[in-house]
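Chains A and B, in that order, give the protein sequences.
Everything in the first sequence is counted per the numbering used here, starting at 1 for the first residue and increasing by one.
Everything in the second sequence is counted per the numbering used here, starting at 240 for the first residue and increasing by one.
It is worth saying that the hints were derived from the structure and are not from the lab.
Check the hints yourself; a few may be wrong.
[Said to hold, decoys possible] Computed Cβ-Cβ distance ranges for the label pairs, DEER-style:
#1 Glu477/B to Pro88/A: 24 to 32 Å
#2 Ile71/A to Tyr297/B: 40 to 48 Å
#3 Ala466/B to His221/A: 55 to 63 Å
#4 Glu477/B to Lys109/A: 57 to 65 Å
#5 Asp63/A to Val354/B: 55 to 63 Å
#6 Gln104/A to Ala466/B: 50 to 58 Å
#7 Gly462/B to Lys106/A: 51 to 59 Å
#8 Asn418/B to Glu72/A: 54 to 62 Å
#9 Gly462/B to Pro164/A: 53 to 61 Å
#10 Ala466/B to Glu72/A: 23 to 31 Å
#11 Arg249/B to Gly28/A: 37 to 45 Å
Ideal Cβ placement from N, Cα and C applies to all residues, glycine included.
For reference, the chains in residue letters:
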Amino acid sequence: MSIEVKKLSKTYGKQVAVNQIDFKVNTGEIVGFLGPNGAGKSTTMKMITGFIPPSSGGGTVCDTDFVEQSIEVRKIVGYLPENNPLYPEMFIKEYLTFMAGLSQVKDIKNAVDHAIEITRLVPERHKKIGQLSKGYRQRVGLAQALLHNPKVLILDEPTSGLDPIQVSEMRHVITDLGKEKTVMLSTHIMQEVEAMCERVIMINRGTIVADEKLIELKSNHQSSLEEIFKKLTQNVDPI
Amino acid sequence: MWTLYKKEIRSYLGSLIAYIVIGVYLVLTGLFLWFVDGNNVFDLGIASLQVMFDIAPYILIFLVSAITMKSIADEKRLGTLEILTTKPISDTAIILAKFLASITLISFALMLTSVYAYTISNLANPIGNVDWGAMMGSYLGLLLLSACYTSIGLFSSSVTDNQIVALLSSMVISFFFYNVLSLLGDVSWLDSVGRSLSWFGLEFHYNSISRGVVDTRDVVYFGGFTAVFLGFTQLVFESRKW
Numbered sequence: 001m002s003i004e005v006k007k008l009s010k011t012y013g014k015q016v017a018v019n020q021i022d023f024k025v026n027t028g029e030i031v032g033f034l035g036p037n038g039a040g041k042s043t044t045m046k047m048i049t050g051f052i053p054p055s056s057g058g059g060t061v062c063d064t065d066f067v068e069q070s071i072e073v074r075k076i077v078g079y080l081p082e083n084n085p086l087y088p089e090m091f092i093k094e095y096l097t098f099m100a101g102l103s104q105v106k107d108i109k110n111a112v113d114h115a116i117e118i119t120r121l122v123p124e125r126h127k128k129i130g131q132l133s134k135g136y137r138q139r140v141g142l143a144q145a146l147l148h149n150p151k152v153l154i155l156d157e158p159t160s161g162l163d164p165i166q167v168s169e170m171r172h173v174i175t176d177l178g179k180e181k182t183v184m185l186s187t188h189i190m191q192e193v194e195a196m197c198e199r200v201i202m203i204n205r206g207t208i209v210a211d212e213k214l215i216e217l218k219s220n221h222q223s224s225l226e227e228i229f230k231k232l233t234q235n236v237d238p239i
Numbered sequence: 240m241w242t243l244y245k246k247e248i249r250s251y252l253g254s255l256i257a258y259i260v261i262g263v264y265l266v267l268t269g270l271f272l273w274f275v276d277g278n279n280v281f282d283l284g285i286a287s288l289q290v291m292f293d294i295a296p297y298i299l300i301f302l303v304s305a306i307t308m309k310s311i312a313d314e315k316r317l318g319t320l321e322i323l324t325t326k327p328i329s330d331t332a333i334i335l336a337k338f339l340a341s342i343t344l345i346s347f348a349l350m351l352t353s354v355y356a357y358t359i360s361n362l363a364n365p366i367g368n369v370d371w372g373a374m375m376g377s378y379l380g381l382l383l384l385s386a387c388y389t390s391i392g393l394f395s396s397s398v399t400d401n402q403i404v405a406l407l408s409s410m411v412i413s414f415f416f417y418n419v420l421s422l423l424g425d426v427s428w429l430d431s432v433g434r435s436l437s438w439f440g441l442e443f444h445y446n447s448i449s450r451g452v453v454d455t456r457d458v459v460y461f462g463g464f465t466a467v468f469l470g471f472t473q474l475v476f477e478s479r480k481w
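Put together the whole structure using the sequences plus the hints.
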């Protein structure tokens, strides 16, 4: 079991962002984490990667507790945060070398070259990050997450803000990666999920509303994924 | 941790900050020591760097604040703090790496003024007749003082994502601890209370160590002061988890 989450909760003051969720992600799966904005997707991912601790509950990544042994978990997880933060004044190679060092990679040079290759950054590799287009920046962010050859990838909206060509390239890269790694990616774009994911976890207002194989989910509801998404996430009356 | 340290040093050298800071420090101390009328070395006729050691703490307040203002505030603004803190490195290591990088830069600037020390010792009569003990003590004092300023600077940088706010608050806090507290010792109606307060000020201990007698109490004070502010920084750093 690659990721296992048990009764995970996060509350900010009185506001409940994530409410006692349970789910599992099997080794080698590509799982889509779906939900409207503010549903708790990012918060859940931040808790698994150790950026913020949960208010209660917890779980494991590859049988390592991500609350108690956060540092160990960070070594086996590659994380691309939402909005893909980067240092604009650094060169791509410089940045990746720095990140590889932080991730305690042994053969830094090879790791950097390899990451540049699989994210198809080769033609731009000598540029400064600030000079790159959004699509290439996103790839730098992904390369950063791949450097230490993690078993698990957690990608928070990896295709947001990209043009259609960049989106389809990004999908190819992620699908390729999914052959060897466990991937959990969040999005609110339905085509994304249909193109890449085998399984879907849907979350709304901090609770899980669906956790099924994509094919089963569709056959159970007898409608398109978008219809299902609308049905499951908008059934609560607006205030 | 050393990876982050190296990156910090490289980013100082890559941006203009390092050169400006070192340049400004040398120019200002040089001006006050040799050129500004009234109490430069030639007017006083004493072969001593005392003029520089008197003015340097004030220059350092500004320069150290300028160096540290970016260190955490900018990571917050860019969001890269999230990348940094989800790598296998502890919060303490992140803060220490940034602290050591700033200290390295400052020590380099301090070291360059040894040229002044050499000049002074050649001006002395007979040549080399300089109070080396007091000079070494003062250099050590400046270094320890810089450590305190740096910890204040990191703390200020951690409470905001705006560099200007970080710069100003760092300068105000540093000035308060260096100068305002020791001024309280001179307020007559505060009497002994004022004098005790001045003991908590940085200037009191800096002056004490400048005389060339390295008293462990002073060193412990500087070390403790730095540790306290680095501790505050860590607290703020972890406040994202509350």
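Quick rundown of the hints versus the structure:
1. Glu477/B to Pro88/A: 24 to 32 Å: The hint (24 to 32 Å, Cβ to Cβ) holds, given that glutamate 477/B and proline 88/A are roughly 27 Å apart.
2. Ile71/A to Tyr297/B: 40 to 48 Å: 42 Å, holds
3. Ala466/B to His221/A: 55 to 63 Å: 60 Å, holds
4. Glu477/B to Lys109/A: 57 to 65 Å: 34 Å, violated
5. Asp63/A to Val354/B: 55 to 63 Å: 60 Å, holds
6. Gln104/A to Ala466/B: 50 to 58 Å: Violated, at about 27 Å.
7. Gly462/B to Lys106/A: 51 to 59 Å: 36 Å, violated
8. Asn418/B to Glu72/A: 54 to 62 Å: 47 Å, violated
9. Gly462/B to Pro164/A: 53 to 61 Å: 59 Å Cβ-Cβ, so the 53 to 61 Å window holds.
10. Ala466/B to Glu72/A: 23 to 31 Å: Holds, since alanine 466/B and glutamate 72/A (Cβ atoms, about 28 Å apart) stay within the stated range.
11. Arg249/B to Gly28/A: 37 to 45 Å: 39 Å, holds
Violated hints for the displayed structure, listed by number in ascending order: 4, 6, 7, 8.
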